[in-house]
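Participant: Chain by chain, the residues:
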Amino acid sequence: MSVEAQQGIAAPRVPAGLSGLLPALILIGLFFVVPVLALLLRSVTDPAPGLQNYAALLGDGTYARVFFNTFLVAFVVTIVTVLVAFPVAWMLAIMPPALASILFGIIILSMWTNLLTRTYAWMVLLQRTGVINRALIGAGIIDQPLPLINNLTGVTIGMVYIMLPFMILPLVGTLRAIDPMTLRAAALCGASPLAAFRRILLPLSLPGIAAGGLMVFVMSLGYFVTPALLGGTSNMMLAEMIAQMIQSLLNWGLGSAAAFILLVVTMALYALQLRLVGARRAVGGA
Amino acid sequence: MLLDYDRLGWLKIALLGFTALVAAFLLLPVVFIVLLSFGSSRWLAFPPPGWTLKWYQELFADPSWIEAALTSARIATMTAILAVTIGLLASFALVRGQFRGREILRGLLLTPMVLPVVVFAIAIYAFFLRLGLGGTTIGFVVAHTVLALPFAIIPIATALEGFDKSIEDAAIVCGASPLQAKLRITLPSIRIGIFSAAIFSFLASWDEVVVAIFMASPTLQTLPVKIWGSLRSDLTPVIAAASSLLVALTLALMIVTALLRRKLQT
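As they're listed, the protein sequences go chains A and B.
Mapping of the first sequence onto my numbering: residues 1 to 286, in sequence order.
Mapping of the second sequence onto my numbering: residues 1001 to 1266, in sequence order.
Fair warning: there could be bad hints in the mix.
[As the list claims (entries may be wrong)] Chain A regions said to be covered by chain B (calculated; three or more residues, Cβ under 8 Å):
#, region
1, 138-148
2, 187-200
3, 247-257
[What the hints assert, rightly or not] Which chain B residues stay away from chain A? Per the calculated CB distances, all over 10 Å, these:
#, residue
4, Pro1049
5, Gln1057
6, Gly1097
7, Gly1132
8, Leu1183
9, Arg1184
10, Trp1206
11, Thr1219
12, Leu1260
[What the hints assert, rightly or not] Across the chosen pairs, the derived CB separations fall in these ranges:
#, chain 1, residue 1, chain 2, residue 2, range
13, B, Asp1004, A, Gln144, 43 to 49 Å
14, B, Pro1049, A, Ala210, 46 to 52 Å
15, A, Asp143, B, Pro1218, 26 to 32 Å
Hint data in this document are derived by calculation from the structure and do not stem from the laboratory.
Ideal placement from N, C-alpha and C gives every residue a C-beta, glycine not left out.
Hey, can you work out the whole structure from these sequences and the hints?
Facilitator: Here is the structure:
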């Protein structure tokens, strides 16, 4: 019996395995791949065949501003989220289990609470007459209420709030995987805490920071709800513009082209993330 | 040193203080909304001048809120059942199948989680307009199942990867049919994964806003669409009451999950 013959015996498993995939492939093929491809087609055929939709999007200052806003917000949100998440993940990775489970509970509660509920709370908190402005005035820190909502400040606060769990939770895994011995060794060899942080802890957690940060960046680029509710009309973000082009302006050609640009950027960054962490771990954090 | 909790010294105090601040930041909106829902000020003054239940009364007196919640529950339940069934079949194939392109197929099935929802929302909206499925329950369930499928596949596939297949084979050697072995040995062993899949795919539909905004019709509104519409017109405290009930639901779900996990694991 040759190797081929043995494979022949194992062969019936292959169709059996694939048939289980059939419902999922039909669902995703028919109701995900086909609609998205149809949208792409529309971006080059509506109203007339050609690339005029893309030319209009990329050549116009108004749209350029939207693209700039989107990348700016995503970038700022990512930086702030990483800076805030790192110390929290660090503590979570090493604190006593009882304390850690309370903190995990708070993170999960915030993450699982309805997205609109959280955004509504921020809308009320950040208002001109909201709690935060009143508290700051009451404390004598400011005289006039700060414009915290209907601008990019509001969007950034709301988005950082939503993204934090997505950064903290995977980072805890990365930090827990670091052997504390490496840091003890550094201290024994005379490294100051700052040197140990810069030369050991930070480099070892960099893969987790990069992967989580990239995920936050990608999610922020395409976010719709929070920017639409906490942002202003003068500094729209991409997802909101796409929705508006379709829903209010019924400009399908332009809307699909903008959607396709968002899709390409997102998928390119996602591919980069897969490279960084490997296909399985990339989406396993959810 | 830096990873030894008891030997951090002053750094520990600083980091713990910062962590406490972040925890407060994460809790703030949730706690705030619950307090606000009992406040008597229509203009959302805080701290409220008095306490009241009238926003809850207004909420329950309005049939459109109740109807939206029931619609959401119906769509989310159907989505969870579909996503878990399809995800279970797919997970067996993805984990155990020996065919080329397995990783690519896995990637394809998980893509709806990565693609910005707004892109999928307008794509499926256009598609369903042509098929006449816009604004229908079936349309909602199909679109939400696409979005929920990754959340069903990931926990089930993870559980299945951790399950030793030789136990299933042993059952077959002892005379069970392959189907019997799967139903009576394998499925009970990966029940935590299946249970997580059900919760996550339910929530994926229950909380979904973007597709729902496009898909909704005047006669078919889910709860997020109803909240969205109210938010855009005014910030009435009735939304705070509805939101608080959603927070209560989240807490209940967390407690049930924690209890069940403990029970299932022992």
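Participant: Are there at least three residues in the region 187-200 of chain A whose beta carbon sits under 8 Å from a beta carbon of chain B?
Facilitator: Three-residue rule met by the region 187-200 of chain A, so holds; n is 5.
Participant: Hey, is glycine 1097 of chain B genuinely clear of chain A, shortest beta carbon separation above 10 Å?
Facilitator: About 3 Å separates glycine 1097 of chain B from the closest Cβ of chain A, which leaves it inside 10 Å; violated.
Participant: Taking 8 Å as the C-beta cutoff, is the stated coverage of the region 247-257 of chain A by chain B satisfied by three or more residues?
Facilitator: holds (count 4)
Participant: Compute the least Cβ-Cβ separation between leucine 1260 of chain B and chain A, then decide whether it is above 10 Å.
Facilitator: 15 Å, holds
Participant: Would glutamine 1057 of chain B pass as off the interface with chain A, using Cβ distances and a cut of 10 Å?
Facilitator: 20 Å, holds
Participant: Cβ-Cβ distance between aspartate 1004 of chain B and glutamine 144 of chain A: within 43 to 49 Å?
Facilitator: 47 Å, holds
Participant: If we take the beta carbon of proline 1049 of chain B, is the closest beta carbon in chain A still more than 10 Å away?
Facilitator: 14 Å, holds
Participant: So does proline 1049 of chain B sit 46 to 52 Å from alanine 210 of chain A, Cβ to Cβ?
Facilitator: Holds, since proline 1049 of chain B and alanine 210 of chain A (Cβ atoms, about 50 Å apart) stay within the stated range.
Participant: Could you check that no beta carbon of chain A comes within 10 Å of the beta carbon of tryptophan 1206 of chain B?
Facilitator: 8 Å, violated
Participant: With a cut-off of 8 Å between beta carbons, are at least three residues of the region 138-148 of chain A near chain B?
Facilitator: violated (count 0)
Participant: Regarding the assertion that threonine 1219 of chain B does not contact chain A, is the least Cβ-Cβ distance greater than 10 Å?
Facilitator: 18 Å, holds
Participant: Mind verifying the non-interface call on arginine 1184 of chain B? Its CB should be farther than 10 Å from each CB in chain A.
Facilitator: Correct as stated: the minimum Cβ-Cβ distance to chain A is 18 Å, above 10 Å.
Violated hints for the displayed structure, listed by number in ascending order: 1, 6, 10, 15.
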